[in-house]
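Colleague: What follows is the residue order along each chain.
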Amino acid sequence: MRLALTLASRNLFHDRLRFIATLVGIVFSVVLVMIQMGLFLGFGQMVTTMIDHATADLWVVPKGAKCFEDPSLLDARLANRVRNVDGVAGVVPLVIGFSDWRQESGEMTPVFMVGVDLREPGLQPWNIVDGTVEALSERGALAVDRSYFDRLGVNGVGSTAEIRGKRVKVAAVTDRIRSFTTTPYVFVDLKNARMYTGAPPDRASNLLVRLKQGTDPEKVAQSIRAEVGDAEVLTNGEFQSRSRSFWLFGTGAGAALFAGALLGVIVGTIIVAQTLYSSTKDHLGEFATLRAMGSSNSYIYNVIIYQGVLNAVIGFCVAAAIGLVVVEATARSALPIVITPSLMAGLSALTLIMCVISAIGAIFRVVRTDPATVFMR
Amino acid sequence: MNDAIIEAASVHKTLGAGAGQVEALRGIDLSLQRGELALLMGPSGSGKTTLLLVLGCMLTPTSGSVTICGQPTKDVDKEGLAKLRREHIGFVFQSYHLFPTLTAAQNVQLALDIRGERGRAAVKKSREALAMVGLQNKVHSLPQQLSGGEQQRVAIARAIVANPSAVLADEPTAALDGENGQAIMKILKSIAQERSRAIMVVTHDPRVVPFADRIIHIEDGRLVDANESEYKHLPKVTALKM
Ligand SMILES: Nc1ncnc2c1ncn2[C@@H]1O[C@H](COP(=O)(O)OP(=O)(O)OP(=O)(O)O)[C@@H](O)[C@H]1O
Ligand SMILES: [Mg+2]
Chain A
1 MRLALTLASR NLFHDRLRFI ATLVGIVFSV VLVMIQMGLF LGFGQMVTTM
51 IDHATADLWV VPKGAKCFED PSLLDARLAN RVRNVDGVAG VVPLVIGFSD
101 WRQESGEMTP VFMVGVDLRE PGLQPWNIVD GTVEALSERG ALAVDRSYFD
151 RLGVNGVGST AEIRGKRVKV AAVTDRIRSF TTTPYVFVDL KNARMYTGAP
201 PDRASNLLVR LKQGTDPEKV AQSIRAEVGD AEVLTNGEFQ SRSRSFWLFG
251 TGAGAALFAG ALLGVIVGTI IVAQTLYSST KDHLGEFATL RAMGSSNSYI
301 YNVIIYQGVL NAVIGFCVAA AIGLVVVEAT ARSALPIVIT PSLMAGLSAL
351 TLIMCVISAI GAIFRVVRTD PATVFMR
Chain B
378 MNDAIIEAAS VHKTLGAGAG QVEALRGIDL SLQRGELALL MGPSGSGKTT
428 LLLVLGCMLT PTSGSVTICG QPTKDVDKEG LAKLRREHIG FVFQSYHLFP
478 TLTAAQNVQL ALDIRGERGR AAVKKSREAL AMVGLQNKVH SLPQQLSGGE
528 QQRVAIARAI VANPSAVLAD EPTAALDGEN GQAIMKILKS IAQERSRAIM
578 VVTHDPRVVP FADRIIHIED GRLVDANESE YKHLPKVTAL KM
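Residue numbers (the working numbering), protein chains in the order written: chain A, 1 to 377; chain B, 378 to 619.
Keep in mind the hints are simulated off the structure, nothing from the lab.
Check the hints yourself; a few may be wrong.
To be verified - Stretches of chain A that chain B covers, calculated by requiring three or more beta carbons in the stretch to come under 8 Å of a beta carbon on chain B:
no.	stretch
1	3-17
2	179-186
Said to hold, decoys possible - Below, simulated DSS-like cross-link-like pairs (lysine-lysine); rule was C-alpha separation at most 27 Å, straight line:
no.	chain 1	residue 1	chain 2	residue 2
3	A	Lys66	A	Lys169
4	B	Lys501	B	Lys515
5	A	Lys191	A	Lys66
6	A	Lys281	B	Lys460
7	A	Lys169	A	Lys191
8	A	Lys281	B	Lys501
Said to hold, decoys possible - Under 10 Å between C-beta atoms, here's a sample of chain B residues computed to sit facing chain A:
no.	residue
9	Gly404
10	Asp406
11	Ile592
No residue lacks a Cβ here, since even glycine has one placed at the ideal position from N, Cα and C.
Turn these sequences into a full structure, and let the hints guide you.
Modeller: Written out as structure tokens, the structure is:
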């Protein structure tokens, strides 16, 4: 090992208490940033779940629709015109909206209806663990996620409740189709959806457009735009990013997460800078000795920066371990923390930058000291 | 060939600022020769440490000049002065200034590391330097596991491992008992003689006088012709074999 690195590590580990304080600071800050960013990614994934699972190449949405959950409606008859556009393989109207779920006990719970024509691929419930999609076409049939059983007061296929005065019955049960809001998703057939949300028969929330193989989505989108008046035509990707930016930035949720992360970075940098500074102050005699021995300033800076880097490496490893535990623990929650390899890479770079920046204060402290004064006593 | 390793001419040094300003050196002319061990003696506060640091390029003179191996030091920046020290000067201090977390061998090796000398050759050189000061059995000891005399010997090994032209020592024996002090002086003397280095030792200790080739007296920032009679009775140590 390089002697400068040996010196750096010995200096670092020599004062255990300070080293632990530094580590706690780094770990706290990195874990905080990791969780905030993990929530950001998790939220970003959650808000597009429905779009991700839809069998659609293009979406026709009401003008100005901000996200999948947007309550505005468009003319459902546009579907016929879109169907005739060259390159279009199929069009499915989608009706979504809030409704009130009345348990057998009489308790009311708001729910979010997702209604689509179940005979065609569009947006059918996935991860079915009990019952069938086909059963949903029956009158009053619906699919709920088993994670919401308690909230909806049901216990599986066959359970009943009431929506808008109509009797409903659980015909299918899904697994892990959770909403990032507190409102459970309920899948129903298109006709039922209109009934439960109060949408008129000639209105729909969106049109899901499937394209023929080998067609250029951008080109077809252009042709569809000419047919649908002021409704917007978006590719799947465009609708995803529009939804994501609405939920993450339009609502301030993303900004709050980033602010938390920024706070973590600032606190971490200050803690590391502070401990590195005080450690350097304690070792000024040694740095003066190095200087008397004829060492260049850059050699001394290296020793200090090595300390910063060692802090970063050890701190990051501990933080990463904690992060993995957190990921594991939240995997089944409503809002899982998602940690991707690129988030990890970004975090490790951030930790390193944080620790190297913290070394600057310590370096200034050394530069400010005239080494001769150490030997004048 | 000029045998002067360090030359000082009309060196003045003012320390501090404002009301606390002190003229620590007031016109010093001095030349330190290859192969000699010179003692720098004088009362407390007379400017010994200041002079040593000026000669070793740790302090720049307020006026006057210092030349190291023929190289003038005027207008040389801090990095340049560090380079001069690296190439020509080894320091030894009263309180050793060893790195407490490094072993004896690593302390010595550090002097090579800052010079970019690494690897096996550096390890071997450090061992040899420690052997020269009689510490071949203590290479892996930490400073706190060594006696004061041993620590000072590590400091000397560190000062000489890179073969500097001059070794400047500030009261190297002050913290040691008589026996250890004598041992340190013997080592310094042999370095001067056998390796023909210039050695200057600041001291208060009359017991080291016998090792001196020359005694330089300083009082109140000036070199003085001192009455050396008080030391005359001490036998001179000349040829020395370790
Ligand atoms: N930073 C400073 N500011 C002002 N005066 C100083 C400073 N450092 C030292 N001095 C003064 O300069 C003079 C020379 O100091 P120096 O340390 O060279 O003396 P010395 O001969 O080594 O003394 P000692 O034998 O006690 O070590 C003293 O009067 C001291 O008080
Ligand atoms: Mg002194």
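Colleague: For every hint, state whether the structure bears it out.
Modeller: The hints, checked one at a time:
1. 3-17: Result for this restraint: holds, n = 7.
2. 179-186: This one is violated; 0 residues, fewer than the three required, reach chain B with a Cβ under 8 Å.
3. Lys66/A to Lys169/A: The hint is violated at about 32 Å.
4. Lys501/B to Lys515/B: 14 Å, holds
5. Lys191/A to Lys66/A: 25 Å, holds
6. Lys281/A to Lys460/B: 24 Å, holds
7. Lys169/A to Lys191/A: 15 Å, holds
8. Lys281/A to Lys501/B: Violated: Lys281/A and Lys501/B sit about 33 Å apart, past 27 Å.
9. Gly404: 20 Å, violated
10. Asp406: 22 Å, violated
11. Ile592: Violated. Min distance 22 Å.
Checked against the numbered hints listed earlier, the structure breaks hints 2, 3, 8, 9, 10 and 11; every other hint is satisfied.
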